[in-house]
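Start from the sequences, fold in the hints, and give me the full structure.
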Amino acid sequence: MTALSRLRASPARYFLDNASGVAAVEMAFIAPVALTLLCVGFAGGQTLNLNHKVVLAAHSTTDLVARSIYIQDPNNPQGELLGYTALDADIAFSQLIMYPDANGTLTEVMSELEVNTGNNTGVVVWSRPSPGATGLPIGTVITLDPSYSATGANYLLYGQVNYTFQPLGGLLSLPPITLSSTETLTIRNAPQIDLDPNS
Amino acid sequence: MRVSSFVASRSARALARFWRCDKGVNAIEFAFVVPIIIAILLATAQVGVIFTAQAYLNEVAETGMRTVLTNQANNLTQDQFKSAICSNVTALFNCANLIVELEQAPSTAASMSTAMPQFDANGNLTQPTTYTLAPAPAQMLLVVMYQWPVIGGPLGLNFGSLGNGAYLLVSTQVFMIEPPT
Chain A
1 MTALSRLRAS
11 PARYFLDNAS
21 GVAAVEMAFI
31 APVALTLLCV
41 GFAGGQTLNL
51 NHKVVLAAHS
61 TTDLVARSIY
71 IQDPNNPQGE
81 LLGYTALDAD
91 IAFSQLIMYP
101 DANGTLTEVM
111 SELEVNTGNN
121 TGVVVWSRPS
131 PGATGLPIGT
141 VITLDPSYSA
151 TGANYLLYGQ
161 VNYTFQPLGG
171 LLSLPPITLS
181 STETLTIRNA
191 PQIDLDPNS
Chain B
1 MRVSSFVASR
11 SARALARFWR
21 CDKGVNAIEF
31 AFVVPIIIAI
41 LLATAQVGVI
51 FTAQAYLNEV
61 AETGMRTVLT
71 NQANNLTQDQ
81 FKSAICSNVT
91 ALFNCANLIV
101 ELEQAPSTAA
111 SMSTAMPQFD
121 ANGNLTQPTT
131 YTLAPAPAQM
141 LLVVMYQWPV
151 IGGPLGLNFG
161 SLGNGAYLLV
171 STQVFMIEPP
181 T
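Those sequence lines, one after another, are chains A and B. As numbered in our numbering, residues 1 to 199 make up the first sequence, in order. As numbered in our numbering, residues 1 to 181 make up the second sequence, in order.
Careful: at least some of the hints might be erroneous.
[Said to hold, decoys possible] Stretches of chain B that chain A covers, calculated by requiring three or more beta carbons in the stretch to come under 8 Å of a beta carbon on chain A: (1) 49-60; (2) 83-96; (3) 136-143.
Just so you know, the hints here were simulated from the structure itself, not pulled from any lab data. We put the CB at the ideal spot given by N, CA and C, even for glycine.
Spelled out as structure tokens, the structure:
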């Protein structure tokens with residue numbers, strides 16, 4: 001009985017008995033799993049690396065604003081003046097920290113909170129967003145960790161960085177991932193920072 | 001005529017024998033499958049190494065930042081500063097290929113795009129790196145880069161991000177120099 005006649009007699013039996021191409025068939029089972037592991041590994045590494053940069057961006061930019069060079073606010077003995085140009089530059093440093101990952105959407109909002117030690121909250125006094133972002137509305141209440149109230153500071157800086165990106169550069173239709181980091185720091189050179197409307 | 005028909009019939013028989021023969025079928029199937037296996041294995045190994053190297057570069061850049069931030073780089077030349085950074089590099093990187101740029105951070109948001117080192121289509125720096133130290137309390141920008149050599153695997157699996165096929169690792173630090181005590 002030839003192979004052709006066996007195939008004609010019972011195609012299913014012929015297929016089950018046939019051992020040809022077994023390596024290719026096994027590879028067809030294994031390849032999707034291996035490729036999935038590769039993609040998950042790459043996307044995971046990419047996400048961890050970007051998350052490190054997002055955290056660094058939030059910390060560095062908030063720290064730079066908190067350490068702004070002291071210029072006395074003539075209208076507020078407790079306040080120092082910070083110009084919009086300098087503040088916008090500090091916020092934009094997050095672009096440099098994220099470099100060369102420029103395919104995602106990076107937004108940052110820098111705000112000042114007035115601390116309410118009674119209920120461990122902070123009320124937004126001013127908020128400055130990066131281009132394309134939306135600042136926090138003045139008066140928004142943010143819940144703070146009790147340790148911030150314990151510092152005795154009346155005002156705190158609150159920096160928020162968000163980065164939305166497509167894992168694997170959009171190679172596969174994976175949903176976008178948004179990484180976020182917030183940093184809360186005390187103001188170093190004065191009790192309060194006032195924005196200078198003239199600069 | 002007889003010779004040519006003999007050769008033709010012999011060739012036909014040899015071809016038929018070859019077609020029916022199933023010796024070495026595993027080797028032939030393996031030859032089809034092995035490029036896929038090698039591509040996946042090579043790519044998986046490289047992904048692990050690339051992101052390990054990136055984490056290591058972040059540590060190197062942070063150490064370099066601390067050197068500048070604490071005024072320990074005030075009397076160093078560009079080469080000496082690079083050597084100081086390289087002293088923290090014990091594995092993974094070839095120090096000669098480390099790209100280090102230190103400059104005063106841009107003062108406006110609009111000038112951020114020109115602050116970073118740029119590469120041409122062949123992966124070469126378009127301009128030499130700068131090394132400028134400003135007195136405290138200046139805001140400084142430290143960029144440490146490394147062109148990680150990527151081995152292109154079969155089936156076009158290549159992670160290179162530069163024109164020369166290398167993967168660009170970057171760690172950027174923005175900080176304010178502390179006043180000397």
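Tested hints:
1. 49-60: Result for this restraint: holds, n = 5.
2. 83-96: Per the Cβ count (0), the hint is violated.
3. 136-143: holds (count 4)
Against the hints set out earlier in the document, a violation occurs for number 2 only.
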